[in-house]
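Each chain sits in its own coordinate frame; assemble them with the hints.
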Amino acid sequence: MTASLPEAARVTGRGPASRAVGVARLGVLAACAVAVYVFEALLPMPVPWARVGLSNVVIVVCLFAYGFESALIVNLVRIVVGNLLLGLVASPAFLFSAAGSTTALLAMGVVRWKMVPPLSVVGTSIVGAVANNAVQVWIFSAMFSASAAGAGLIGVFILLGLGVGSLTGVLAARVIDKVGLARYGSVG
Amino acid sequence: MADLVTAALICLLGVLLLGWSGPRAPGRTLLVRDRSGHVLRVELAQPRTLRVEGLDGETIVEIAGGAARFVSSPCPHKTCVARGAISRSGEWIACVPNGVFATVKGETEYDGVTP
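Chain order of the listed sequences is A and B. Mapping of the first sequence onto this note's numbering: position 27 corresponds to residue 27, and the numbering continues sequentially without gaps. Mapping of the second sequence onto this note's numbering: position 92 corresponds to residue 1092, and the numbering continues sequentially without gaps.
Chain B extracted, bound-state conformation (with noise of 0.2 Å):
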């Protein structure tokens, strides 16, 4: 009995977190984190190709069309590169053994405010 309770507990607060993330409008500005905590503010409007310094070796991440992507890392499963590209604000990557992470900034900062 008090087990049900518990797992309906968890259940139910699990559920409520799902959806607890913000909203997907297209992003403008990309951020990246190096192992040293180092942020880096590119336009993804800019195609480019950053090498950043991880705790292993360098991740590639390619900005193209408006959305970035993990293109190589040399961490061991790969994940951050099967992520594929993000373009939306609040999308992110991330390269847990490497150290890198990656996400997408909102439109501008005063989206909305001018008629």
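Next comes chain A alone, as it looks inside the complex (with noise of 0.2 Å):
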């Protein structure tokens, strides 16, 4: 994957070659975010319904380098073909994970584009960590009518958040920065 991104990345251009660059591209990148997303569910979990989010490392760097659609793309690649590997489809699980994964990209593609100073690689992941962990408290208590038991959720999960966005926005900034991928821009 570190050889093959930035010779991807450089070609910019129009027509049928650099559409299939970029074709490839997102295949490559939706592959690695969906291997990385099963490992992590086969890992035991570190706090009752938490996880790292490792595969968002690969969100985030899609996000940087290649853009809001790209993104878009590879996470309902990794959402939909990762739950399916998982036989989840049909639990409330995939439910959470793709209204978080949604909310979460949405809340970063808002923060990396819109506000004034910008805030880094890893200010972004934490933004979106935080709304997805809000995002699923929310779907929780709605669930099961238990608002009660959603207050008691929220600022731990919050805390969660804060953290495992941090950890994944040091990952993503370090992929981008080896790849160098920040200097194509987003061609996606």
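Everything labelled a hint here was simulated from the structure, so no lab data went into it. Bear in mind that the values here come from a model prediction, so they are computed numbers and not experimental data. Even glycine gets a Cβ: it sits at the ideal position worked out from N, Cα and C. A few of these clues could be false.
Derived, one-sided and incomplete: chain B residues facing chain A with beta-carbon distance under 10 Å [claimed, not checked]:
(1) THR1006
(2) CYS1011
(3) TRP1020
(4) LEU1040
(5) TRP1092
(6) VAL1100
(7) THR1103
If you anchor each label on the Cβ, the simulated ranges turn out as follows [as the list claims (entries may be wrong)]:
(8) MET1001(B) x ALA99(A): 23 to 33 Å
(9) GLY163(A) x ALA1064(B): 19 to 29 Å
(10) ALA1064(B) x ARG174(A): 47 to 57 Å
Set out below in structure tokens:
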């Protein structure tokens, strides 16, 4: 991945060739996101109902290097294919991951392009993680009509979001740095 | 800089919301929601075993000694079983994969009114 991505990113012109490269690049990113997503699901959770969300590193890298639309596509593939492989499409877990990740991406997109002064990769990742957790706690409360239970969880999950968002943000920043993706700007 | 301010604000919000959960007086009634959202109301003082219909199968809820716990559930992580017993007002157990939720209600509706 580290060798082929910047090569792919350099092709920024129009026409069938660059289009094919763009599609191939999205495919590689999506495959990578699905692989990490499924792998992490196999690990035990550090806190009940909470995980680090390592595949979000791919989403954040994608957002910064290739733009919002690319990140949206990679996220959709990750959630649908990842949950299909895990056999969770019909379970509430699918609703949680789909709603959480989409909201996180929207929040990161808004922060990335509208916020002045801009946030770094780490700051953007934190916003995404906290948005994801807040929405999931909200769905949990709504699912059981138990706002009191959600109230007891929201503080913990905002702080957890801060923690895991920082971690995935630092990892994403390192990937962008090492691979030099940021130099090629958004081509997605 | 903007990063630090954002992180600090989020941290502050999180810490402020940490304490946001009601008082914990001993409870009296257990409310159990099944897969269809139907709520069953049972007294904690009366020992019994409930079989609650969930999304993936039956969750067994045991009431004994004024407390309730999930004895078994068909979910993958068994977080609800690991939660242990609940007995105080506002405490809850949730099994998200199986769609079953239980929470303890307060003493009585007239608690503290009569002299």
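Run the structure past the numbered hints and jot down the numbers of the failing ones, going up. 4 and 9
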